[in-house]
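**Q** Work the whole structure out from these sequences, hints included.
Number of protein chains: 2
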Amino acid sequence: MARQPPSSTVPRGRPRDPRTRAAILAAARALLERGGLTAVTIEAIAQKAGVSRPTIYRYWPNAPAVAMAAFLDVTGAPDAARSTRSPYAALRAQFHAVADAFAAPAGRSVAAMVAAAQSETELAKAFRNEFIARNRDATRLLLERCIEDGLIAPPADMELVLDLVFGPLFYRLLMGHAPITRGFVDRLLDTVIPASA
Amino acid sequence: MARQPPSSTVPRGRPRDPRTRAAILAAARALLERGGLTAVTIEAIAQKAGVSRPTIYRYWPNAPAVAMAAFLDVTGAPDAARSTRSPYAALRAQFHAVADAFAAPAGRSVAAMVAAAQSETELAKAFRNEFIARNRDATRLLLERCIEDGLIAPPADMELVLDLVFGPLFYRLLMGHAPITRGFVDRLLDTVIPASA
DNA sequence: GTTATATTACGTTACGTACCGTAACATTAA
DNA sequence: TTAATGTTACGGTACGTAACGTAATATAAC
Chain A
1 MARQPPSSTV PRGRPRDPRT RAAILAAARA LLERGGLTAV TIEAIAQKAG VSRPTIYRYW
61 PNAPAVAMAA FLDVTGAPDA ARSTRSPYAA LRAQFHAVAD AFAAPAGRSV AAMVAAAQSE
121 TELAKAFRNE FIARNRDATR LLLERCIEDG LIAPPADMEL VLDLVFGPLF YRLLMGHAPI
181 TRGFVDRLLD TVIPASA
Chain B
1 MARQPPSSTV PRGRPRDPRT RAAILAAARA LLERGGLTAV TIEAIAQKAG VSRPTIYRYW
61 PNAPAVAMAA FLDVTGAPDA ARSTRSPYAA LRAQFHAVAD AFAAPAGRSV AAMVAAAQSE
121 TELAKAFRNE FIARNRDATR LLLERCIEDG LIAPPADMEL VLDLVFGPLF YRLLMGHAPI
181 TRGFVDRLLD TVIPASA
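Note that the protein sequences, when read in sequence, are chains A and B.
With the working numbering, you'll find the first sequence wraps up at 197, consecutive numbering, no jumps.
With the working numbering, you'll find the second sequence wraps up at 197, consecutive numbering, no jumps.
Treat the hints with caution; some may be incorrect.
FRET-style restraints, in silico, Cβ to Cβ [what the hints assert, rightly or not]:
#, chain 1, residue 1, chain 2, residue 2, range
1, B, N62, A, P54, 27 to 37 Å
2, A, D73, B, P179, 24 to 34 Å
3, B, P179, A, P155, 11 to 21 Å
4, A, G13, B, A104, 47 to 57 Å
5, B, S196, A, D186, 20 to 30 Å
6, B, P155, A, D17, 52 to 62 Å
7, A, A97, B, R128, 22 to 32 Å
8, B, A89, A, K48, 48 to 58 Å
9, A, P155, B, R128, 45 to 55 Å
To be clear, the hints were calculated from the coordinates, so they are not data collected in a lab.
Just so it is clear, CB atoms sit at the ideal spot from N, CA and C, and this is done for glycine as well.
**A** Shown next as structure tokens:
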């Protein structure tokens, strides 16, 4: 008898051990935060995670892809929706959180991923869609609520406003010409999104 | 008689052939604009420049350093000083030029150098001092002239203004979520540095 | 001046290392 | 039985360095 084709829906054979995936991502994340992207080699991940190199390749095609997966695994999108406060307060809180993240060692990861996205097209797409776009979406949502509530004046160009608040943060993160302090964020928001008197 | 010790000041021995240096930089620049930083390998530079690998190492310690040298070699600081126009017009012209550079293939080089600066401390220093700082200085100068002439209102925080004009440009360049058009630059400047009515 | 010598530039070749990505095969878990 | 995982091995690319020879130039001695 000819063999039946697999019944596509149910996974057969030995299932993947979720700890394998978790160990790989954890190792990649640790390496990323310490030594930047250059430290995230398949070799190093394998050693640190206690996993063989081929196994990593069975999950992801290359080291930067693992790094991106590890990065997005922790850097969830901000959940502004469930906030009960004033949208303006939520907006400021969101950017204080971003500033904190950028200032901390986690900021090194963000910078590393931006760097990686410059040379890897696939990574760039993932980074844009899963990180940049999500953060912009969250902020745009809050801005629209602020406008509805009359807390800020409706801007002529919403996308420009988003560029104006995110741009300087990334600029300082990547160039390192000045620190990202809460004071900086406050002045930035006061200038770009002043509360309507 | 014993030979006298060398008279330290004048360079002795065979002088370096300036064409060697030029060929290396030209090759590095070409590779950088096409394939980004990953394409700038010592191997590739050597081949393209018709030079041996050890020779390149006698000039620079590693590939990113060559790339940075090549980058700074062409990307001279903007010379706003000699402009005869209104400082406000000069300011807009400067940013139109930056936008053009960022939009063109040269923008790829800038992005590549930002990326490189994330993992190489020495490069980061050079990039900050020779590129970022110079551009900020040029803009700061023009802004101060505009203020003197009463063309714009004096800002509370000059450095923040610089972050506000440069940040979004780099942000778009590096994230690629939206193009860097002249219209974008115009709206950006209109918002951040409006001409005083 | 002419000549010898030091000094430096550059090419060639070779080495060992790191990491890559893949393939083959054995082993283990469901 | 099926698929996940480990083990081992391989070829490939690029790294950075070292050794050696040759070419080019400056300097010192004559």
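**Q** Hint says 47 to 57 Å; check whether the CB-CB distance for G13 of chain A and A104 of chain B agrees.
**A** Once the Cβ atoms are compared, 52 Å apart, the range 47 to 57 Å for A104 of chain B and G13 of chain A holds.
**Q** So the hint says 11 to 21 Å: do the beta-carbon atoms of P179 of chain B and P155 of chain A match that?
**A** Since the Cβ atoms of P179 of chain B and P155 of chain A sit about 20 Å apart, the hinted range of 11 to 21 Å holds.
**Q** Could you check the hint for me, namely that P155 of chain B and D17 of chain A are 52 to 62 Å apart, CB to CB?
**A** holds, 57 Å
**Q** Looking only at beta-carbon atoms, does the pair A89 of chain B, K48 of chain A fall within the given range of 48 to 58 Å?
**A** holds, 56 Å
**Q** Taking 22 to 32 Å as the hint, is the beta-carbon distance of A97 of chain A and R128 of chain B inside that range?
**A** holds, 27 Å
**Q** Indicate whether the distance between the beta carbons of S196 of chain B and D186 of chain A respects the range 20 to 30 Å.
**A** Since the Cβ atoms of S196 of chain B and D186 of chain A sit about 25 Å apart, the hinted range of 20 to 30 Å holds.
**Q** Is 45 to 55 Å a correct range for the gap between the Cβ atoms of P155 of chain A and R128 of chain B?
**A** violated, 32 Å
**Q** Would you say the C-beta atoms of D73 of chain A and P179 of chain B sit inside 24 to 34 Å of each other?
**A** The hint (24 to 34 Å, Cβ to Cβ) holds, given that D73 of chain A and P179 of chain B are roughly 31 Å apart.
**Q** Given a hinted range of 27 to 37 Å, is it respected by the beta-carbon distance of N62 of chain B and P54 of chain A?
**A** holds, 30 Å
Violated hint for the displayed structure: number 9, the only one.
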